[in-house]
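Residue numbers (this note's numbering), protein chains in the order written: chain S, -5 to 504; chain R, -5 to 504.
Mixed in with the good hints, there may be bad ones.
Since the list can't tell identical chains apart, any single copy or any two copies may satisfy a pair.
Straight-line alpha carbon distances no greater than 27 Å define the calculated DSS-like cross-link-like pairs of lysine-lysine that follow [unchecked claim]:
no., residue 1, residue 2
1, Lys26, Lys69
2, Lys446, Lys395
3, Lys54, Lys345
4, Lys333, Lys186
5, Lys446, Lys433
6, Lys489, Lys240
7, Lys75, Lys26
8, Lys395, Lys271
9, Lys138, Lys54
No lab work stands behind these hints, which were simulated from the structure alone.
Next come the chains, spelled out residue by residue.
Protein chains: 2
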Amino acid sequence: MGTLNINPEIDDQFFNSINPLDPEEFRRQGHKIVNFLADYYQNIEQYPVCSQVNPGYLQKLVPNSAPNHPEPLEKILEDVKRDMIPGITHWQSPNFFAYFPSSGSTAGFLGEMLSVGFNVVGFNWISSPAATELESIVMDWFGKMLNLPHCYLFSGGGGGVLQGTTCEAMLCTIVTVRDQMLRKIGRENFCKLVVYGSDQTHFSLKKAAHIAGIDPENFRVIPTTKANEYTMCPKSLHLAVLNDIKEGNIPLFLCATLGTTSTTSVDPLRPLCEIAKTFGIWVHVDAAYAGSACICPEFQHFLDGVENANSFSLNAHKWFFSTLDCCCLWVKDPSALTKALSTNPECLRNKATELNQVIDYKDWQIALSRRFRALKLWLVLRSYGVTNLRNLIRSHVNMAKHFEGLIAMDTRFEIFVPRKFAMVCFRISPLVLCRVSTKFDHEEEVNKFNAKLVESINSSGKIYLTHGVVGGTYIIRFAIGASLTHYWHVDIAWKVIQDHANALLYQGSV
Amino acid sequence: MGTLNINPEIDDQFFNSINPLDPEEFRRQGHKIVNFLADYYQNIEQYPVCSQVNPGYLQKLVPNSAPNHPEPLEKILEDVKRDMIPGITHWQSPNFFAYFPSSGSTAGFLGEMLSVGFNVVGFNWISSPAATELESIVMDWFGKMLNLPHCYLFSGGGGGVLQGTTCEAMLCTIVTVRDQMLRKIGRENFCKLVVYGSDQTHFSLKKAAHIAGIDPENFRVIPTTKANEYTMCPKSLHLAVLNDIKEGNIPLFLCATLGTTSTTSVDPLRPLCEIAKTFGIWVHVDAAYAGSACICPEFQHFLDGVENANSFSLNAHKWFFSTLDCCCLWVKDPSALTKALSTNPECLRNKATELNQVIDYKDWQIALSRRFRALKLWLVLRSYGVTNLRNLIRSHVNMAKHFEGLIAMDTRFEIFVPRKFAMVCFRISPLVLCRVSTKFDHEEEVNKFNAKLVESINSSGKIYLTHGVVGGTYIIRFAIGASLTHYWHVDIAWKVIQDHANALLYQGSV
Chain S
-5 MGTLNINPEI DDQFFNSINP LDPEEFRRQG HKIVNFLADY YQNIEQYPVC
45 SQVNPGYLQK LVPNSAPNHP EPLEKILEDV KRDMIPGITH WQSPNFFAYF
95 PSSGSTAGFL GEMLSVGFNV VGFNWISSPA ATELESIVMD WFGKMLNLPH
145 CYLFSGGGGG VLQGTTCEAM LCTIVTVRDQ MLRKIGRENF CKLVVYGSDQ
195 THFSLKKAAH IAGIDPENFR VIPTTKANEY TMCPKSLHLA VLNDIKEGNI
245 PLFLCATLGT TSTTSVDPLR PLCEIAKTFG IWVHVDAAYA GSACICPEFQ
295 HFLDGVENAN SFSLNAHKWF FSTLDCCCLW VKDPSALTKA LSTNPECLRN
345 KATELNQVID YKDWQIALSR RFRALKLWLV LRSYGVTNLR NLIRSHVNMA
395 KHFEGLIAMD TRFEIFVPRK FAMVCFRISP LVLCRVSTKF DHEEEVNKFN
445 AKLVESINSS GKIYLTHGVV GGTYIIRFAI GASLTHYWHV DIAWKVIQDH
495 ANALLYQGSV
Chain R
-5 MGTLNINPEI DDQFFNSINP LDPEEFRRQG HKIVNFLADY YQNIEQYPVC
45 SQVNPGYLQK LVPNSAPNHP EPLEKILEDV KRDMIPGITH WQSPNFFAYF
95 PSSGSTAGFL GEMLSVGFNV VGFNWISSPA ATELESIVMD WFGKMLNLPH
145 CYLFSGGGGG VLQGTTCEAM LCTIVTVRDQ MLRKIGRENF CKLVVYGSDQ
195 THFSLKKAAH IAGIDPENFR VIPTTKANEY TMCPKSLHLA VLNDIKEGNI
245 PLFLCATLGT TSTTSVDPLR PLCEIAKTFG IWVHVDAAYA GSACICPEFQ
295 HFLDGVENAN SFSLNAHKWF FSTLDCCCLW VKDPSALTKA LSTNPECLRN
345 KATELNQVID YKDWQIALSR RFRALKLWLV LRSYGVTNLR NLIRSHVNMA
395 KHFEGLIAMD TRFEIFVPRK FAMVCFRISP LVLCRVSTKF DHEEEVNKFN
445 AKLVESINSS GKIYLTHGVV GGTYIIRFAI GASLTHYWHV DIAWKVIQDH
495 ANALLYQGSV
């Protein structure tokens, strides 16, 4: 450090020339970015929805090391346009029907801007009381909108927390019940703990269980069937649990899903929870995608039985206009969670915590540091209001219904499972393909053809959709929910799908 | 769903009235927020740095449930001003000297805006190629700036990833080596795995090890001493490891710290890594705070020996102008990491992944979903340039040196440990207190007095600083690094500290 010489005057001169938070420079550049993004949304349909670049494209366009000297924002934004945008898959495009939506909104964006602007680190109450208190308040607001049982709300002895993703929410709850159980049975029995999901449960469960140290051999996958619409069969779960007990294992954790990834199936919560209760199994309900729909009374029956589960989560960044990341987790017994995840280091000691008057959200999650995520949820709720939010969800559901109707009119296609929310699963019907060639008597060839169709559609760049494989069948998923999607986009998408199907069926090398 | 009736016209009318991503409404409201935040930075010194509200203050100010109808942004921003700002602890204030800085910047903010605006979910390459490729590129850029050994860069067979926080980075690396070891020794020996840190290691290590299923009994805390400046003594580590082996335990993971939380001590990497190597222990270097300083050549000697560690992380959101959250993790062997954390579900299958041509960052972290965090680091690097970033870091270090000089001139205070970076640890000297009252012969009373001083200063709202306790001694931490801090803020802060010390020493009820 011998090279450092204190010279406040020189340092101040330098600092004034570069002040990284100079309010007027912030204002000037901030406006530029707002305009840049507004123009981006205006022009978003010009870009191929799914990026068409080749692996390694960017390395060829950028220097090998960071620049020594500052570059103006104008130049950087040119580079964003020229180098980044072609490499972006446009999740905000109205023609994005892939995966599940990543629903952006002006309100969500503004909330995130405020959060980034304040840039507080809300690990405990005192580090920024508003961050903690607003989070508890909006989690109760949201819980009420969903008609979650009172026991999940702070006002009912439970409570909610904002996490990044479902995987983190699952990990936190698994660790909670793992610790409870290990205290009872002793650590030497760790490798007997069993986690249950179905073959439709999101793979995050397996990853979370694995990270928590559960033996991968003890990850039970309950098979589902088409007859049961790919939901977890309570009887199969019961048998699996009994079998584990017979083998000396210890059933620990069950994940039930409200809206599975492949087909948006809904596991029957009530009977599953009843079985779990009998054996002291913690039930987490993963409603990552479809949970948001439950703000509409007509979907709330799917929550029937959730009062007997232990935790419930949904991703507001999927279908609730809240931009990534915003996973809402509610638990019935916060003290169990904090018992597993709390830390009390000297450097964070403070009166409010010691008097037990406050929530310290670091004890509700994996990490110490946390952003002021509640602001974006608060802005979404206030800017749109409950009535409009319900109607927005309904408009997506209606568009999916409309799309389903279009498919039903074209006998070359089949709906694979009944639509529940705003996602439609379909494929080119094997009956039609069989008429084209006898090779399509084999399911594998039918799958290949449908995969080829998806690939052909996506490389057009006009729309983007993705697939699933359930019970050996390749299905095409059409998920509506991008905030800019209108009916006419759905109609055009359907035309694109038909055109590519035509090309493959009648002109291509089937 | 019987209540749903498809009527595209009505739905479209409704949608047009509320379109949550209407570009012109986005533009109008976006500009408002930019102005709101620019004004906030302009006026930030008007607010008490540490929030002075009482627990539960917000509940009294807001309704019990979300509004049914939309509220205009103007009203919401009024509420932010009236209800939120008093509850915010102003981490961006130039008078914030608490914890470690949460260094915001215009460039970091703009990068985050772009990321939120695009709102892509970059779990794998195809989901948004630019998000993955830019991340790899800036991680190599940053690694080169730090002069990290080539083996940590993609160009040298290693590689970097952006995570949320250090705790997540630690958890990922612990799980990686845990799995490696369990494959060798069998899961029945899980409870023999041992993790090592010192009494100065961040408590995130203990939490991460706990989440990964390491027996809390097997968390070894190597004691440090003032004589060793609170660094981990290689000899003590060696003895602890030998002892564990003697007892039949299996040494697994060591966390060495570059810049501890309490005193910014730097563990001696070279000898620690040598011991670890002998016993096959994974070494993670936690440089959360001080790592950023290593972009300056005069600090790079602290990295000496890091080539023998396995992973290295720093928080760009702490002292690298990148806003929360942005933890940079480099590993020498990415394949070990992905072996532990990869998942390959059908719904994400794609050609690029199958041809092994690309990075899928979901396999480098806990969660599936991930934001486009690389944009903010890229904007910071390009907007300021390496030379200015070094000088910004140096200006903070110089200010800390200046503050140290001020303390040295006032014999009532003592510097507790030599300053290394931009944080100064000090306290009212026990020698001075002893002259005031004989009760100060007891260390505990000296501690209490210093704690009282901190409390008195913080309740003034003029500046905010926090404390640490090392080896039984309560110390006051003065951490410089808020982006708006100038020399004159340091001078004023010193005056505030002196005034409160005077009041307590000479007018108060000592």
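Hint-by-hint comparison with the structure:
For a Cα distance limit of 27 Å, the shortest separation of Lys26 from Lys69 qualifies both inside one copy, at 12 Å, and across copies, at 25 Å. Taking the shortest Cα distances, Lys446 and Lys395 sit within 27 Å of each other inside one copy (25 Å), while across copies they are farther apart (65 Å). Taking CA atoms no more than 27 Å apart as the test, Lys54 paired with Lys345 passes between copies only; the shortest distance there is 21 Å, against 55 Å inside one copy. For a Cα distance limit of 27 Å, the shortest separation of Lys333 from Lys186 qualifies both inside one copy, at 22 Å, and across copies, at 23 Å.
In the homo-oligomer, the alpha carbons of Lys446 and Lys433 lie at most 27 Å apart inside one protomer (15 Å), although the nearest pairing across protomers, at 83 Å, exceeds that limit. In this homomeric assembly, Lys489 and Lys240 never come within 27 Å of each other (Cα to Cα): the closest approach is 55 Å inside a single copy and 72 Å across copies. With identical chains, the CA atoms of Lys75 and Lys26 are at most 27 Å apart both within one copy (14 Å) and between copies (24 Å). Proximity of Lys395 to Lys271 under the C-alpha cut-off of 27 Å is found in neither arrangement, the shortest distances being 37 Å within a copy and 61 Å between copies.
In this assembly of identical chains, Lys138 and Lys54 lie within 27 Å of each other by CA distance solely across copies; the values are 18 Å between and 52 Å within a copy.
Violation of the numbered hints given earlier is confined to hints 6, 8; the remaining hints are satisfied by the structure.
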